[in-house]
Structures are given as structure tokens and as C-alpha cells.
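Quick note, the sequences are listed as chains V and Z, same order.
According to this note's numbering, the stretch in the first sequence is residues 13 to 260, in order.
According to this note's numbering, the stretch in the second sequence is residues 76 to 297, in order.
Be aware that a few hints might be false.
[Stated by the list, open to error] Chain Z regions said to be covered by chain V (calculated; three or more residues, Cβ under 8 Å):
| hint | segment |
| --- | --- |
| 1 | 192-201 |
| 2 | 205-211 |
| 3 | 215-221 |
| 4 | 287-296 |
Hints are computed from structural coordinates only; laboratory data are not their basis.
Quick caveat: nothing in here was measured; it's all calculated off a predicted structure.
Cβ atoms here follow ideal geometry from the backbone N, Cα and C, with glycine treated the same way.
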Amino acid sequence: MIELRNLSKTYTERGREHTALEGIDLTIDDGDIFGIIGMSGAGKSTLVRCINLLERPTSGTVIIDGVDVTAFSGAQLSGLRADIGMVFQDFNLFSQRTVLENVTFPLDIRGDTREGREARGRELLDLVGLSDKASSYPAQLSGGQQQRVSIARALANHPRVILCDEATSALDSMTTNSVLKLLRQINRDLGVTIVVITHEIGVVEKICNKVAVLDGSRIVEHGATSAVLTAPEHEVTKRLLGAVRWDA
Amino acid sequence: MREFFAEYGQLLIDGTAKTITMTVVSTLVTYIIGVPLGVLLTVTAPGSLKPHRTLNAVVGWIVNVGRSIPFIILLVALIPVTRFIVGTSLGTAGAIVPLVVAATPFVARLVETALKEIHPGVAEAALSCGASTRQVIGKVMLRESLPSLVRGASITLITLFGYSAMAGAIGAGGLGDIAIRYGYYRYQDDVMVATIVILIVLVQLIQTSGDLLARTLDKRNR
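With the hints as extra help, turn the sequences into a complete structure.
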């Protein structure tokens, strides 16, 4: 279970303060596919990065499975991050490593043996349907294939949570669907909790059981996807749903 | 032609060997110091892995000062330092110290440039996998920029070829020394031309093999 308590993040740039997150309270249960939706600049990426502490919150706490991890550093922090996979919009694969080496990177830094790494790597490539690409390099793959590689990499350490930061935003709609299906399959079969950051309501509709709407650094609405989508209360939710007509 | 080689062949071979030794040894030493400096410049930059404004500014300033001093001045100014480190300011060994001092700031910037080419998201992905700062630097940043580092190394080698010729002027030996003593002081154009031809061939060789190696290493475009 991931709990964010009264989380805030403020950046100071050239003496000017910029609030990215304010008073965020959020609980993500085990087994959820939790959508966090909002317009560009709403603070979604910052929020998801606070979960694995790629961003340090200015105030508030991050509690994972009952443990306050907000102040983790060094080996403790590395251990925490190893247990939380992450998938990015631009895939962020290692261009000079083969697909197999990309997938096994989390095991490599943990110090696993080559044999152990390769066995797990092939298992994962099988899972994402890329067994034949083990010795290819990322540049030789399509966008959808690259995202599958990064999903496999995120799964390497048997994480209980995967964070997806706009994981399908760089993909066309058909590829998006196949990646979303893969995420749902991972959630069902492996019981991995998935946090999905997106600006597309379609993504939430298709795979998320719960959703939180982020606007102006705050959560303005949250609940079960079915409830929020059928009876949206906040203006931004309505706009994201296309319920408010474009008035330009 | 035969006469020329009989008279100067050995001289030119020795000179070439000295020039290559000076250049290769100083390039190696330069990289041993320059790579960590380049890494330091990169990771202490704002928004990078370990931002540290003061350290970044100080190292950057020292590197810029190093790059501002003309090599010929550095060469003379460093004579006492060179004597202290290698025992002599003469010959091949004496040239290595000023060559390293001159090339290190240059290499630090080359390494910095190569590392900054890497998309920050790639380092972030490594962190998200649980990598430590040291692992991000070694297993991701340096590894991802390897082709670019190789290209930088051939530029450095070639630059040091040029510098080593200048070092020849203050008694470092090598092809530059031969060119000055025979070509300049004794008006022996044939010897001078021969040294230039050798230098041209060496530079072409380094550039071509460096490019080839970089291209073979780079897995991005195929």
C-alpha cells in the first residue's frame, strides 16, 4: 500500500517559488491500477516521482507498506527503488546495451550472476513477447517494442509496484492498446500494483480501477473510475472527459 | 632518395618513436585525470546527479584557466614543476608533464560534453532501478557515451601530436625537434618535409581508426 500524506513540493528557481504539489493525500491499495490524470503542468510527473523519491517532497510523508520512507537515503533508498519499477514516456532505454542487457540492468547493479540475470531476462522477454529481440539494440526496435522492453526492465526485480509516467503518450493508438493490455495482464497475473500517470482519459477508462484528478497542484477529485467518469464533479474532470465543449 | 634515408632514416624513426611515446603516454595520463574531472563537472552541475554550485564553479574556473594559457608559455613556466616530478625537464619524459597539464582541462571539457549528450531521463531510469550514483556514472553515463569518448580521444591524440612538436622546441626530442633543428636552423627542407609527411600520415591514421572504432562501438544508428 502506498500512502501519500499531506505531500507538498515547491521548487525555487532564481529566487521565485513554484508550487508543483500542494497538500496531496492519496492512498493506493495493493492490486490497484491507479490512474492519476491531469492537464500538462498539473504536477503529475512530480507526484509520481515522489513515490520512489526521484523527487524529494518539500513537506509531507510517503508511506509504503506502513513504513515512512520519506527520509530514506543510500542503500535503503536504492532498495526501495529496486522494489518499485518505473516506465517512462520516452522509454529511457540504454542505447549501448542490448535488449537483454537493458532488461537485466536492475539485476546487474544488484550484483546477480550472469546466468541468473540471463535466465530472468529471457523469462521477462517471453512475458512481453520479445524473445526474438534479446540481442537487438533499442534503436532497432519500434516505439511499442521499446516500451515493452522498458516494462520488462521495470519487472526484473519482482517489484510489487510499477509507476508509469505517460507510458503510452509517445505511442500510436493501436500500440497504446497493446501496451495497456500488457499492463493489465501484469496486474492480474503477477498482482503488481500499477500507478498510471496520464493526460488521456481513455487510458484511465481502459485499465484503471481508481482515479485521482490533479489540477493546479492539488487533487480535485478521486474515487472509483466508474463513479468519477459517470458523474464527474470538477470542471477539469469534465473537460478531460470532453464533456465541456471547446469554446475557442 | 636512398641516400636521404641512409642518412636520416634512423633519425626519423627515432623521432617518430619519441613523438608517439610522448603523445600516447601523455594522452593516457591525461585521461586518467581528465575523465574524473569531466565527470565531476557533469554531476555537480545544477539539476544533475549531485548538484554542487561551489565545487562546479571552482573546478570549471580552474579548467578554464588551464585552457587559457598558451602551450608554449606553459611549457617554459612548468620547467621547475617538471624537474620536481620526473627529475628532468628535458627529453621525452620532460615533455609529458606540460603535455598532461595542457591537455587535462581540454579532456575534462570533452568528457563533460560527451556525458551531457546523454538524455537525463536515462540516468533517471537507472536511479529508478535502484542504481547508486557511482553505478549511474560507471554503468550508464560513461558506458552510454563511450563512442563519443572515443571520438574525443582521437581529437586529444591529434592535438597532443601538435603540442609535442612544440615541446620539441625546448628539447623534448621527437619529430618537432627534428623539424626545427634540421629544417629551420639548417635550412634542410627535405628533412622538414619528411617530418611533416610522417605527421600527416599519423594524424590521418589516428582519425580514421578513431572514427572506425567509434562507429563500431555505437549501437544507436542501425
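Hints and how they fare:
1. Counting residues of the segment 192-201 of chain Z whose beta carbon lies closer than 8 Å to any beta carbon of chain V gives 6, which meets the minimum of three for the stated coverage.
2. For a cut-off of 8 Å, the count of residues in the segment 205-211 of chain Z with a CB near a CB of chain V stands at 4, and the three-residue condition holds.
3. Figure legend: the segment 215-221 of chain Z, annotated as covered by chain V; annotation consistent (4 residues with Cβ-Cβ distances under 8 Å, at least 3 required).
4. Evaluation of the coverage hint for the segment 287-296 of chain Z: fulfilled, as 5 residues show C-beta separations to chain V shorter than 8 Å, against a requirement of three.
The structure fails none of the hints (numbered hints given earlier).
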